[in-house]
Amino acid sequence: MRVKAYAKLNLALDILGVRQDGMHELDMLMQSISLADVLSIKCSDRVAIRCDSMTVDANNTVRRAAKLFFQTLGIRDGAEIVIEKYIPAQAGLGGGSSDAAATLFALNHLYEAGLDVGQLRELGVQIGADVPFFIGGGSMRARGIGEELQKISNQCKFRYLLVKPQKGVSTATAYGKFDAGEKQELIDVDAAVQALGQGDRHAYFKAAGNGLQRASAAICPAVGTILTKCKDRGADFAMMTGSGSCVFAVFEEESIREYAYQKFVKEYPFCKRAENVDVGIEIL
1 MRVKAYAKLN
11 LALDILGVRQ
21 DGMHELDMLM
31 QSISLADVLS
41 IKCSDRVAIR
51 CDSMTVDANN
61 TVRRAAKLFF
71 QTLGIRDGAE
81 IVIEKYIPAQ
91 AGLGGGSSDA
101 AATLFALNHL
111 YEAGLDVGQL
121 RELGVQIGAD
131 VPFFIGGGSM
141 RARGIGEELQ
151 KISNQCKFRY
161 LLVKPQKGVS
171 TATAYGKFDA
181 GEKQELIDVD
191 AAVQALGQGD
201 RHAYFKAAGN
211 GLQRASAAIC
221 PAVGTILTKC
231 KDRGADFAMM
241 TGSGSCVFAV
251 FEEESIREYA
261 YQKFVKEYPF
271 CKRAENVDVG
281 IEIL
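With the working numbering applied, the sequence shown corresponds to residues 1 to 284, in that order.
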């Protein structure tokens with residue numbers, strides 16, 4: 001079985017505070033995009049993970065998801081999983097979480113376990129706070145630590161350009177830097193939801209923001225450089241996604257996006273075009 005595990009963008013990310021358990025209370029708008037990893041999964045008598053572009057250790061999200069699935073359901077078999085990585089790590093694009101969600105989704109089909117979306121999400125949140133979003137995907141508002149999901153409408157047909165510098169930003173480091181500073185970003189998630197639903201791109205640009213952008217740009221100054229270059233090269237809007245270090249830019253005209261792409265692709269190790277998609281996982 002082959003599945004696409006789509007990446008995500010945070011179209012807004014507001015940090016409301018710190019909970020008693022030490023996790024951050026969030027209010028986010030999450031959108032699945034056309035960039036995706038591909039997982040090939042087949043039944044086996046053991047769990048075996050292979051990926052040519054990265055080390056697959058015990059903490060790998062795919063391995064953890066597979067082991068959690070089998071342990072929870074009491075299944076003594078396993079799976080052979082091959083990961084084709086196209087989503088870069090430490091980018092804010094959710095590649096690890098998306099791969100974990102795709103693993104749970106595929107194993108549920110292969111072993112005919114009969115778990116519904118809610119049950120898969122209950123498993124997924126044990127792997128990571130973003131994992132429940134990818135089981136379903138599309139356009140959602142995510143609150144709590146990211147597990148409280150509400151479907152929203154996104155009528156803005158954005159053309160994205162994704163640009164990531166060589167250096168990544170770990171989520172823990174970004175939140176630590178944020179906690180050490182003062183909240184300065186003004187983000188109106190309610191207004192952003194309304195703007196997306198109405199297809200009002202300019203209202204969205206005015207309302208959106210990323211509460212981690214300042215902290216991550218301090219850790220990785222290339223983020224700020226890319227944001228400036230996006231505007232200079234014709235983007236209508238540019239913002240970092242998640243904890244970074246990937247920046248996404250929005251262009252109204254395809255010709256302008258192509259112009260910017262030709263510039264960026266010569267300067268940075270990762271530069272991709274992308275559009276919105278309505279699902280988090282797709283069977284190939």
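None of these hints come from the bench; they were simulated from the model.
Please note: incorrect hints may appear among the correct ones.
With beta-carbon atoms standing in for the labels, derived distance ranges [stated by the list, open to error]: (1) Glu25 <-> Thr173: 28 to 36 Å; (2) Lys42 <-> Ala180: 30 to 38 Å; (3) Gln166 <-> Asp232: 26 to 34 Å.
Taking lysine to any residue and the SDA-like style, the derived pairs with C-alpha atoms no more than 25 Å apart in a straight line are [claimed, not checked]: (4) Lys67 <-> Val82; (5) Lys67 <-> Ile49; (6) Lys206 <-> Glu185; (7) Lys67 <-> Ser40; (8) Lys263 <-> Val279; (9) Lys177 <-> Lys151; (10) Lys151 <-> Ile49; (11) Lys42 <-> Asp52; (12) Lys177 <-> Ala218; (13) Lys67 <-> Lys85; (14) Lys177 <-> Gln20; (15) Lys157 <-> Lys183; (16) Lys266 <-> Tyr86; (17) Lys157 <-> Ser34; (18) Lys85 <-> Gln262; (19) Lys85 <-> Phe70; (20) Lys67 <-> Glu252; (21) Lys157 <-> Ile49; (22) Lys206 <-> Gly234; (23) Lys183 <-> Val82; (24) Lys266 <-> Asp236; (25) Lys231 <-> Glu275; (26) Lys266 <-> Lys206; (27) Lys177 <-> Arg19; (28) Lys229 <-> Asn276; (29) Lys229 <-> Ala203; (30) Lys266 <-> Gly168; (31) Lys67 <-> Ala48; (32) Lys266 <-> Met1; (33) Lys206 <-> Glu252; (34) Lys151 <-> Lys206; (35) Lys229 <-> Gln262; (36) Lys157 <-> Tyr86; (37) Lys266 <-> Met54; (38) Lys263 <-> Ser34; (39) Lys85 <-> Val279; (40) Lys67 <-> Lys157.
Cβ coordinates follow ideal geometry from the N, Cα and C atoms, glycine included.
Evaluation of the provided hints:
Checked against the hint of 28 to 36 Å, the pair glutamate 25 and threonine 173 fails, with Cβ atoms roughly 19 Å apart. The beta-carbon spacing between lysine 42 and alanine 180, approximately 47 Å, falls outside the hinted interval of 30 to 38 Å. Range check, glutamine 166 to aspartate 232: Cβ separation about 21 Å, and the 26 to 34 Å hint is violated. At most 25 Å may separate the alpha-carbon atoms for a hinted pair to count; lysine 67 and valine 82 meet this at roughly 15 Å.
Restraint check: the Cα-Cα separation between lysine 67 and isoleucine 49 comes to about 11 Å, which is no more than 25 Å; the hinted pair holds. Pair hint lysine 206 plus glutamate 185 holds up; C-alpha atoms about 12 Å apart against a cutoff of 25 Å. Under the criterion of a C-alpha separation no larger than 25 Å, the hint pairing lysine 67 with serine 40 is consistent with the structure, at around 17 Å. About 30 Å separates the Cα atoms of lysine 263 and valine 279, which puts this hinted pair outside 25 Å; it is violated.
Simply put, lysine 177 and lysine 151 have alpha-carbon atoms about 31 Å apart, too far for the 25 Å limit, and the pair is violated. Between lysine 151 and isoleucine 49 the CA atoms are separated by roughly 32 Å; this puts the pair beyond 25 Å, and the hint is violated. The suggested pairing of lysine 42 with aspartate 52 holds, with an alpha-carbon distance near 18 Å, which does not exceed 25 Å. Only pairs whose Cα atoms come within 25 Å are accepted, and lysine 177 paired with alanine 218 is accepted, the gap being roughly 8 Å.
Of the pairs offered as hints, the one joining lysine 67 and lysine 85 holds, with about 21 Å between alpha carbons and a cut-off of 25 Å not exceeded. A hinted pair counts as satisfied when its Cα atoms are at most 25 Å apart, and lysine 177 with glutamine 20 qualifies at roughly 19 Å. This hinted pair does not check out: lysine 157 and lysine 183 have alpha carbons roughly 31 Å apart, beyond 25 Å. The straight-line distance between the Cα atoms of lysine 266 and tyrosine 86 is roughly 18 Å, inside the 25 Å bound, and the hint therefore holds.
With a C-alpha separation of about 13 Å, the suggested pairing of lysine 157 with serine 34 holds against the 25 Å cut-off. Distance hint between lysine 85 and glutamine 262 is fulfilled; the C-alpha atoms sit about 23 Å from each other, no more than 25 Å. For a cut-off of 25 Å, the pair hint linking lysine 85 to phenylalanine 70 stands: about 24 Å separates their Cα positions. Distance hint between lysine 67 and glutamate 252 is unfulfilled; the C-alpha atoms sit about 44 Å from each other, more than 25 Å.
Simply put, lysine 157 and isoleucine 49 have alpha-carbon atoms about 36 Å apart, too far for the 25 Å limit, and the pair is violated. Taking the CA atoms of lysine 206 and glycine 234, the gap is about 17 Å. The hint holds against a cut of 25 Å. A threshold of 25 Å between alpha carbons decides the hint, and for lysine 183 with valine 82 the separation of about 41 Å lies outside it, so the pair is violated. With a C-alpha separation of about 21 Å, the suggested pairing of lysine 266 with aspartate 236 holds against the 25 Å cut-off.
Of the supplied pair hints, the one linking lysine 231 and glutamate 275 holds, its CA atoms being roughly 19 Å apart against a limit of 25 Å. For the suggested pair lysine 266 and lysine 206, the alpha carbons sit about 30 Å apart, so the restraint of at most 25 Å is broken. Taking the CA atoms of lysine 177 and arginine 19, the gap is about 17 Å. The hint holds against a cut of 25 Å. Proposed proximity of lysine 229 and asparagine 276 is supported: the alpha carbons are some 23 Å apart, at most 25 Å.
The straight-line distance between the Cα atoms of lysine 229 and alanine 203 is roughly 22 Å, inside the 25 Å bound, and the hint therefore holds. The hinted pair formed by lysine 266 and glycine 168 meets the criterion: a straight-line CA distance of about 19 Å does not exceed 25 Å. Taking the CA atoms of lysine 67 and alanine 48, the gap is about 10 Å. The hint holds against a cut of 25 Å. The hinted pair formed by lysine 266 and methionine 1 fails the criterion: a straight-line CA distance of about 36 Å is larger than 25 Å.
For a cut-off of 25 Å, the pair hint linking lysine 206 to glutamate 252 stands: about 16 Å separates their Cα positions. Under the criterion of a C-alpha separation no larger than 25 Å, the hint pairing lysine 151 with lysine 206 is consistent with the structure, at around 22 Å. A C-alpha spacing of about 13 Å is found between lysine 229 and glutamine 262, which places the hinted pair at or below 25 Å, so the restraint holds. With a CA separation close to 23 Å, the supplied pair lysine 157 and tyrosine 86 stays within the 25 Å bound.
Between the alpha carbons of lysine 266 and methionine 54 the distance comes to roughly 24 Å, so the proposed pair stays at or under 25 Å and holds. The hinted pair formed by lysine 263 and serine 34 meets the criterion: a straight-line CA distance of about 21 Å does not exceed 25 Å. This hinted pair checks out: lysine 85 and valine 279 have alpha carbons roughly 19 Å apart, not beyond 25 Å. Annotation: proposed proximity of lysine 67 to lysine 157 is violated, straight-line Cα distance about 38 Å (limit 25 Å).
When each numbered hint is compared with the structure, violations occur for hints 1, 2, 3, 8, 9, 10, 15, 20, 21, 23, 26, 32 and 40.
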